Structure formats: structure tokens, C-alpha cells
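Enquirer: Keeping the supplied structure of chain A fixed, place chain B upon it in accordance with the hints.
Protein chains in written order, with the numbering used here: chain A, 1 to 175; chain B, 1001 to 1128.
Everything labelled a hint here was simulated from the structure, so no lab data went into it. Since the structure is predicted, the reported quantities are computational estimates derived from the model, not experimental observations. Among the clues, some could well be false.
To be verified - Interface residues of chain B toward chain A, partial, derived using beta-carbon atoms under 8 Å:
| id | residue |
| --- | --- |
| 1 | 1010 |
| 2 | 1021 |
| 3 | 1027 |
| 4 | 1030 |
| 5 | 1031 |
| 6 | 1066 |
To be verified - Taking lysine-lysine and the DSSO-like style, the derived pairs with C-alpha atoms no more than 30 Å apart in a straight line are:
| id | chain 1 | residue 1 | chain 2 | residue 2 |
| --- | --- | --- | --- | --- |
| 7 | A | 159 | A | 58 |
| 8 | A | 75 | B | 1014 |
| 9 | A | 124 | A | 145 |
| 10 | A | 170 | B | 1120 |
| 11 | A | 121 | A | 159 |
| 12 | A | 63 | B | 1014 |
| 13 | A | 124 | B | 1014 |
| 14 | A | 170 | A | 145 |
| 15 | B | 1014 | A | 170 |
| 16 | A | 63 | B | 1022 |
| 17 | A | 121 | A | 145 |
| 18 | B | 1014 | A | 145 |
| 19 | B | 1014 | A | 121 |
| 20 | A | 145 | A | 58 |
| 21 | A | 124 | B | 1022 |
| 22 | A | 75 | A | 63 |
| 23 | A | 58 | B | 1120 |
| 24 | A | 124 | A | 170 |
| 25 | B | 1120 | A | 159 |
| 26 | A | 145 | A | 51 |
| 27 | A | 121 | B | 1022 |
| 28 | A | 63 | A | 159 |
| 29 | B | 1022 | A | 58 |
Where a beta carbon is used, it is the ideal one built from N, C-alpha and C, also for glycine.
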Amino acid sequence: MDTDLQQQLEIFLQTIRVPALKFATGRCGNVDDALDVLQEAMIDFVASAEKYPQEAWKNLFYKILVRRITDRFRKWQWRNKLAKMFNFSQYDDEDATPHPVDFEDSEEVYRANELSQQFDKALKALPGRQQEAYMLRQWQHLSVKETAEIMGCSEGSVKTHLSRAMSNLKQALGD
Amino acid sequence: MSKQKRQQRLSPQKILDQAAEKLALEHQQRLHQMTRAAIYGEAKVSRRPVLALWPVAVPVFSLIAITLVWQLTQQVGIPSETPSSKSIVAMKKGVPNWVKDASAPLAVIENIEFYQWLEKELDHEHQS
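Same shape as in the complex, but just chain A (with noise of 0.2 Å):
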């Protein structure tokens, strides 16, 4: 691999960790396999990245991430299975680790981190394929196109997912 690449690449993965993390940890439930699944992805990602042009980075990205999650969830399914039969009930699914709230004397700030403590909550109630539709079309600004495309699934899917989402999230959220 050349300098000019792997400096292309180290500046888009730079870009491109900080909402991929958060949208690991959500679909995952916790902060420490999300951190596993993106080291995956990424990894898989270099290995992909020079055969495409640098403008289709960022859905081929979130595709490699998505399949990874999805196969991260298999795997967990065949664990637990395992782990039920055997007793071992240490090693089930954890619930994902909750914000802590910042008590600051400011009340509005209280709120602001109130609301967010909701929306976060909401977001993570959402069924999986809900939250990513939602994640990659109305946070990462993806097409519609190009959300089916990592999604693995038909633009008509999409929007029937992202219609969900919205209308779950309104009735979580009271607004």
C-alpha cells in the first residue's frame, strides 16, 4: 500500500470513527463490543478501501460495519445458548451501560441532559433495523439509495423502517 493511501485512509478513518463508534455502541448494547466490532470493520475496510473511489468509502464503510454487527449478534445467539445450557449466566447479554447524568447548577443544562438521556433511551428501544435506517439516513445524511445498499435491503424497506423509527421516537418522546 502506498503513503499517499494510507494517509488518505488514516484521515477518512479519523473522520469517520467518532459517529461509527456511537452507532456500533447503540446496535450493540455496550461500549466494549462495539469497540471489538469496529476494529473488525475497519481492518476489513483497508483491505477493501483501494478498490473503490474515495467518494463510495463512506457507504462501503457502514456496510462492512453493519455485517459485522450482524454477525456479531449470531454469534451471540449460539453463546447464549451454550451458555443457558451449561448455567453459565455470567455471560449473557448486558444491558448497555446508561449516561451519566452531569449535575450542573445550570437548570436548562439539567434538562438538555435530561432529554438527551430520553432520546438516547428511545433511540436504543428502537428494533435493530429501525435504528439503523434512522442512524444512517437521519444522522450520517445518507440517500436513500445508499442506506438500502448497506442495509441489504430494497429503498421501499428503508423508508418503511425510517417511518417507524420517526413514529416510535415521537410517541417515546411525547413530542
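Expert: Using the frame of chain A, we list chain B on its own:
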């Protein structure tokens, strides 16, 4: 503050951006290491505990333990010393007929007289 301004400050976009930045700040070093590992092939860093590998580790270790135990039991029956050729010839000469008789049942060979004779022969060889 106006309602519109408050809503802009608390938009889902902003909430997600802030949450992402917070996560990235908490795990800054790990993210940096991961980026370098992916591009420059440096060592991977995993926070997965060793015990999470138990579904694979348990059967592997069990197989290794069973193999070791089997090998040890196979080695128990091997004698530490073999008799010299002279003593073998001497033993064959003096072997009683009822021992040489292949048609004799095993219970005869297990007779105590055989071992008393063998002891005498070995003492005689030692003295000579």
C-alpha cells in the same frame, strides 16, 4: 430563551453528535490504536476477557487432557529393564516342562512354584 432556539439546541442531530463526541473522548486512545492497527498492521487491541472464549477453550482443553491421560496410561505397562541374552538362555534351559507346555492352562503358569524357581535361578546367576 425562545422555544425555537431551545428546540434547535436539543435536536436529535445535536444529541447524537454530542453522544458520539463523548464516546470518542472516553476511548480516544483505543480508537487511535485501532486506526493504526488497521492501516499499518500494528498489533490488535481487544478488551474481550479471556473467559469469553470458553465455548472454544473448554472442548480444546478437554481433548488435550484426555490425550495426555491416555498417553500416560499406555506408558505404565512398559518394563524399565529387559533381561540380558545370557540370562534368557539360562532361564529357558531350566524352565520346567509344565511351563513350556503351551497347552497348559494359564492357571498352571500362575503357580507359586514358578516364581520360587525363578528367584533361585536369579540368585545363582548373581553369585556366579
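Enquirer: Next step is simple, just say for each hint if it's right about the structure.
Expert: Here is what the structure says about each hint:
no.	hint	verdict
1	1010	5 Å, holds
2	1021	7 Å, holds
3	1027	6 Å, holds
4	1030	6 Å, holds
5	1031	5 Å, holds
6	1066	19 Å, violated
7	159(A) / 58(A)	20 Å, holds
8	75(A) / 1014(B)	33 Å, violated
9	124(A) / 145(A)	24 Å, holds
10	170(A) / 1120(B)	102 Å, violated
11	121(A) / 159(A)	22 Å, holds
12	63(A) / 1014(B)	24 Å, holds
13	124(A) / 1014(B)	17 Å, holds
14	170(A) / 145(A)	25 Å, holds
15	1014(B) / 170(A)	17 Å, holds
16	63(A) / 1022(B)	24 Å, holds
17	121(A) / 145(A)	28 Å, holds
18	1014(B) / 145(A)	24 Å, holds
19	1014(B) / 121(A)	15 Å, holds
20	145(A) / 58(A)	13 Å, holds
21	124(A) / 1022(B)	17 Å, holds
22	75(A) / 63(A)	19 Å, holds
23	58(A) / 1120(B)	92 Å, violated
24	124(A) / 170(A)	14 Å, holds
25	1120(B) / 159(A)	100 Å, violated
26	145(A) / 51(A)	21 Å, holds
27	121(A) / 1022(B)	16 Å, holds
28	63(A) / 159(A)	18 Å, holds
29	1022(B) / 58(A)	22 Å, holds
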